Each structure stands twice: as structure tokens, then as C-alpha cells.
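A.B. asks: In case you want the letters, here they are:
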Amino acid sequence: MAITHTEKNVSQPIGSTAVRAKNRKLIKDVIGKLIVYALLTTGAIIFIAPWAWMVSASFQPIGKIFDWPPNWIPETFTLDNYRRFLKAEGFFRWVLNSGFLAVVVLVVQMFFNSLAAFTFAKRKFPGRDFLFLAMLGTLMIPGQLFLIPNYMILLRSPLFGGNNIFGAGGIGMLDSFWGIIIPYAFSVWSVFFMRQYMKGIPDDLLDAARMDGASEFHIYWKVVMPLCGPVLAAQAIFTFTFVWNDFFWPLIVISDPDLRTLQLGLALFVIKNRTVWDIVFAGSVISTLPVLLIFIFFQKYFIRGIALTGMK
Amino acid sequence: MAVTEIRKTQPFSGRVRETLRQMRNNWSAYLFIAPGLIHFAIFTLFAVGFAFYISFHEWNIIKPDKPFVGLENYRQLFDDPRFIRAVTNTFTFMLGVPLNLATGLAVALLLNTKVRGQAIYRTLFYIPVVTPLVVSSIIWKWVYQGDYGLLNYYLLQLGLIDHKIVWLADPDLALPALIIMMIWGGTGATMVIYLAGLQSIPEEMYDAAKVDGANSLQRLLYITIPLLRPTTFFLTITGIIGTFQIFTEVYIMTNGGPLNRTTTIGYYLYINAFRELEMGYATAMAFVLFAMIFVFTLIQWKFTRGDVEY
Numbered sequence: 001m002a003i004t005h006t007e008k009n010v011s012q013p014i015g016s017t018a019v020r021a022k023n024r025k026l027i028k029d030v031i032g033k034l035i036v037y038a039l040l041t042t043g044a045i046i047f048i049a050p051w052a053w054m055v056s057a058s059f060q061p062i063g064k065i066f067d068w069p070p071n072w073i074p075e076t077f078t079l080d081n082y083r084r085f086l087k088a089e090g091f092f093r094w095v096l097n098s099g100f101l102a103v104v105v106l107v108v109q110m111f112f113n114s115l116a117a118f119t120f121a122k123r124k125f126p127g128r129d130f131l132f133l134a135m136l137g138t139l140m141i142p143g144q145l146f147l148i149p150n151y152m153i154l155l156r157s158p159l160f161g162g163n164n165i166f167g168a169g170g171i172g173m174l175d176s177f178w179g180i181i182i183p184y185a186f187s188v189w190s191v192f193f194m195r196q197y198m199k200g201i202p203d204d205l206l207d208a209a210r211m212d213g214a215s216e217f218h219i220y221w222k223v224v225m226p227l228c229g230p231v232l233a234a235q236a237i238f239t240f241t242f243v244w245n246d247f248f249w250p251l252i253v254i255s256d257p258d259l260r261t262l263q264l265g266l267a268l269f270v271i272k273n274r275t276v277w278d279i280v281f282a283g284s285v286i287s288t289l290p291v292l293l294i295f296i297f298f299q300k301y302f303i304r305g306i307a308l309t310g311m312k
Numbered sequence: 313m314a315v316t317e318i319r320k321t322q323p324f325s326g327r328v329r330e331t332l333r334q335m336r337n338n339w340s341a342y343l344f345i346a347p348g349l350i351h352f353a354i355f356t357l358f359a360v361g362f363a364f365y366i367s368f369h370e371w372n373i374i375k376p377d378k379p380f381v382g383l384e385n386y387r388q389l390f391d392d393p394r395f396i397r398a399v400t401n402t403f404t405f406m407l408g409v410p411l412n413l414a415t416g417l418a419v420a421l422l423l424n425t426k427v428r429g430q431a432i433y434r435t436l437f438y439i440p441v442v443t444p445l446v447v448s449s450i451i452w453k454w455v456y457q458g459d460y461g462l463l464n465y466y467l468l469q470l471g472l473i474d475h476k477i478v479w480l481a482d483p484d485l486a487l488p489a490l491i492i493m494m495i496w497g498g499t500g501a502t503m504v505i506y507l508a509g510l511q512s513i514p515e516e517m518y519d520a521a522k523v524d525g526a527n528s529l530q531r532l533l534y535i536t537i538p539l540l541r542p543t544t545f546f547l548t549i550t551g552i553i554g555t556f557q558i559f560t561e562v563y564i565m566t567n568g569g570p571l572n573r574t575t576t577i578g579y580y581l582y583i584n585a586f587r588e589l590e591m592g593y594a595t596a597m598a599f600v601l602f603a604m605i606f607v608f609t610l611i612q613w614k615f616t617r618g619d620v621e622y
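Here the protein sequences line up with chains A and B, keeping their order. Heads up, the first sequence is in my numbering, so the first residue is 1 and it goes up one at a time. Heads up, the second sequence is in my numbering, so the first residue is 313 and it goes up one at a time.
The set of hints was computed from the structure by calculation and includes no laboratory data. Worth double-checking, as some hints may not be accurate.
[Claimed, not checked] So the derived label-pair ranges between C-beta atoms look like this:
1) B/L468 / A/V55: 21 to 31 Å
2) B/Y465 / A/F297: 30 to 40 Å
3) A/Q299 / B/P514: 46 to 56 Å
4) A/G90 / B/P514: 50 to 60 Å
5) A/L136 / B/P379: 29 to 39 Å
Note that this is a predicted model, so its numbers are computed, not measured. Ideal Cβ positions, reconstructed from N, Cα and C, are used throughout, including at glycine.
Here chain A stands alone, though its shape is the one from the complex (with noise of 0.2 Å):
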């Protein structure tokens, strides 16, 4: 490793003068950078590589693509693919179904999540800590248990999509938008990261505002909601995110083409047409540009969202 390499040598100045010693510390120092800038650099550029090419293919008409060795630097630079891709069968309305299930649940949740996570955090009630620890318990367990139970609950929830009241006859809220944003309403981990930043707010803040005889959803909108800034970002980004690249959950709740995801879209597409390249990279760079752009803006949110789930 360059790192250790280099300070090694500068902790056993040898030199026969204090300046020799100096200088040759220097030296050290600057081709240790050098190494540390060589090292990351390289893997900079291996690990953006593939998705850079995804990125020049898009721009690129399909007899370029296969050309070896490739085109890094579109040769012949067109728009064609992109014009296409938001023709073909049904991408257009797939992004909008994306953005739109992201929106919604993103929304449903932040609403449901902060007003627990305040809850638990703020409140003291009989049986608080029971069903705060009865929720984080269930953590561990894997997503594949709540499959097939969770899919059957849609499948018979009563009153949807020609169900009767017992939940019978229909498909319930299976190939429906409800199949997606009823189950991603409400998420324990979020409350619980929600929970621990209110914890940080102090006591007194709400004491006074009850003094003042604030309700106490007055005190969550309107005190503790405004200092929560942070975490409701980095929870906004990630359920945003999580919900426009999800591909699992839509690839078993929808079957209806207009309803796809445009993940669950592009995925499909790609396994029916093995030979349209084109027309997918360009559809691959729209599906992933949403969250790039979230990304580069919101940096700061999305690395102390992921920075604080490694924490604890």
C-alpha cells in the first residue's frame, strides 16, 4: 500500500544534516502522492469505464457499437437512439410510471416514517419500548420470508381489483400501482434513523412549546419537523432512490405492459430483443439519469445518509 510505504521512510530521517534529512523527506513525500494520485486514478477510470461506454453507446448508431476496438469518443455522434427508445412500445410511459410510484411512496413514507420515528423518539407512553425493539427485531429477517405471504395478502386484500369483502374473486391489489406503494407505506429502518437525529433535539424545545399548549402534532410539524432537515433528506434520497432502480418487487406485482416500471420495462426488453444494443443503452442512461442527478446535487445528504447506516 503507497501510503504506508512512503511514511515509513519519513519516520527514520538518517540524513548526515538536518537540511538533508528535510529534503529527502520531501522527496519521499511527493513520490508517495504521486503513487497515492497513480493508484487512484487508475481505479477511478477502471471503475467509471463500463458505465462511461454505456454512456458513448447511447450516442452512437448500432454498427459503431460493435465496432472493435470501440469508440470511447462517438465517432459518428446521434440523438437517434434516444428518439427511438422513447418510441418504442411503452418507455415513455414507463418513465412516467417511475417517477410517478417514486413520488407517491417517497411521500406516504416520510409522512408515516418522521410521525413514528417522533413518536418513539419524543413521547412517553406504556409500551413504547416493547414496540420499538418488537419492530427493530424483525430486522434480520430476509426479504425473500415476506415474499410470498406479502403477495398473497395483495392478492387477497378485500375490496381491490374485484375482490369481495373476504378478499376473494379478484386479484386484489396484484397488477395495480396500490400492489407497490401499499407495501413500501411504512419502513422500519427509516423510523429508526429518524428516531435516533430527533433523539438529538433537545427536550426543552417542546417542553416550551407545550407550555405554550401546542398540540402535539403541532410539535412535530411545526418544532421538531423544521430541525430534522438532514435526515429527512438523506431518507427522502434513498427511498427515491430505492423506489425508481427496485426491479424486484414490480417484476412480481405488475404483468400489465402499461404498468411497468421503467426498470422492470427496460429488464424485459432486454431479455425479449438480445440484439437492439442501441435502443437499450439509451434507455439504460435515461433510467439511471434521475438518481445520477440526485446524486451529484444532493451529495452531501447521500453520503451522510449511507455514512450514518454504517455507523450504528
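Please build the complex by placing chain B on the supplied structure of chain A, with the hints as guidance.
C.D. replies: Same frame as chain A, but now just chain B:
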């Protein structure tokens, strides 16, 4: 707190009355957690119980008859060569976890040397993490493509191979190829978490070690890595759990093939539940999966007891 004091002094009936009073006074707290609690009760608690029930039945979703079969589904799992294969494959995929930790830690250590442009490097390493898995799978399908793929081109150029390799169709290479792709997709996240861990190590620890004459390799081995143990623990556990659930890459890139060599537990479970419609069997598989994850968690807990605190 008032509740606990009363508990000590009052008889049982008094305690019940006091609890009820507290519950009445805090009715709005229950109202606030009600939506989450109802969701949790249905989609988590009821779901687990229901899954347990399903796992003891021959539960084919289109057959009205769902007979009770006792432990038959569980017994069958151990006689099913494809399931055994899926378990073996999943454990092989776990080789990717330490590799991913190593790359993530290496990048984090390099970035932590106060380089310029840290934000740019971080962004570049992190972009694969935010790329949707469906898109990553598409990109890497192309990278590993036999005739036009990027990997073959550069390996031929460097003289490392002498003929084109169809990576994803080779029974011995498909799984390692997927592991490499997963390291590509995971390093950025590991790096960010390790960076946070590194930044929480007090500078004085290093200063003290320098005074004692520890060189930087020693500082890495005896300070940095031990102090990062909670982070490493967390990443190992989430990595292992993530490996058990690998699905999208396999679904899009290899379909579990060639010769079932990339079939993971997650993929095989999906096939059983939604292609073969054997939901009882698939649910039994999910419980075995749960048991395996649970064992890993316990082992890790045992070994990380008595961690360094600072």
C-alpha cells in the same frame, strides 16, 4: 420516571390503573404510530406467521387444494440437487464480500491521505452504486460479451488471453465474472462507510503511536484496522445478507446458468415461487435462508464481543 416508582410501591390493581391512565393521557402517541403499527402488523408480523403456515403445505397458487404436508417441503430441500447447488453457489458468491471490503478499504485509505479532488474521486467510485442494478447488468452483459465485449478486447490487447472468451456462458467463469461485477457495484458504498469510520478515529491515537516509533504499516495493522472493526462487522453482515438475496444480476445476465452454476438461493426461490408456482416449497426455502442468515449473525456477534472502545 413516574411509572417505575409507582410500580415499586403500589399493588397490582393500582399499577394497572396507573398504566391505563397513562395510556389515556397519551392517546395521541398511539394514534401517531397507528399507521406504522398496522402496516407492521400486517406486512411483517402476520406475514411471517403466514409464511410459516404456508411452508407446511403443498401450496400451488392455482390449485384450490392446498394439503398439509408437515415437514415434507423442508425434507425435500435437502434432496434437491438444484437447491444444494444454489446453496454452494451462494456461498461461493460470498468470496466477493471480503474482496469488496478490501477494495473499499483500500480506496478509503487512499482518499483519507488528504488528496486533492477527494470529492471527484469519491463521485467516480460511487457512480456504480447509484446505477440501477438493471442498468449495471446490461452494461456488464456487454463488457463480458464474447465477440464485441470490452473485456475480451483489452485482455487480447494486453496478451493475457489468446482467444475470445464467452464469459457468461462458461460454467467455470460465469460466477467469478458476476463477483467482479458486484465488487464494481459495491466498492463505492464500502468506501464511503469506511471513510466515515476512518474519520472518527481520533488523530491523537496516531500521534501517540508515532511517538512510540510505530511505522505506518504498524499503525495500519494495530490502530486503523482494529478500530474499524465495528464498521467491518457491519459491512460483513450486510454483505453476507446481500449475497443471500442476489437476484437481478442473475435474472438478467445468466438466468441461473450455465448448468445452474450461477443459480443463487434468491434466484432459485423466485423460480420455485413464480415459475413453478410451488409456494410452499419456496417458503420453506426462505426459512432455511433465514436460519442461515441468523447463524451468521450469531457467529459474528460472538467474535466481535469485547471490541475496542474509544
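A.B. asks: Each hint: holds or not?
C.D. replies: Here is what the structure says about each hint:
{"no.": "1", "hint": "B/L468 / A/V55: 21 to 31 Å", "result": "24 Å, holds"}
{"no.": "2", "hint": "B/Y465 / A/F297: 30 to 40 Å", "result": "35 Å, holds"}
{"no.": "3", "hint": "A/Q299 / B/P514: 46 to 56 Å", "result": "26 Å, violated"}
{"no.": "4", "hint": "A/G90 / B/P514: 50 to 60 Å", "result": "56 Å, holds"}
{"no.": "5", "hint": "A/L136 / B/P379: 29 to 39 Å", "result": "37 Å, holds"}
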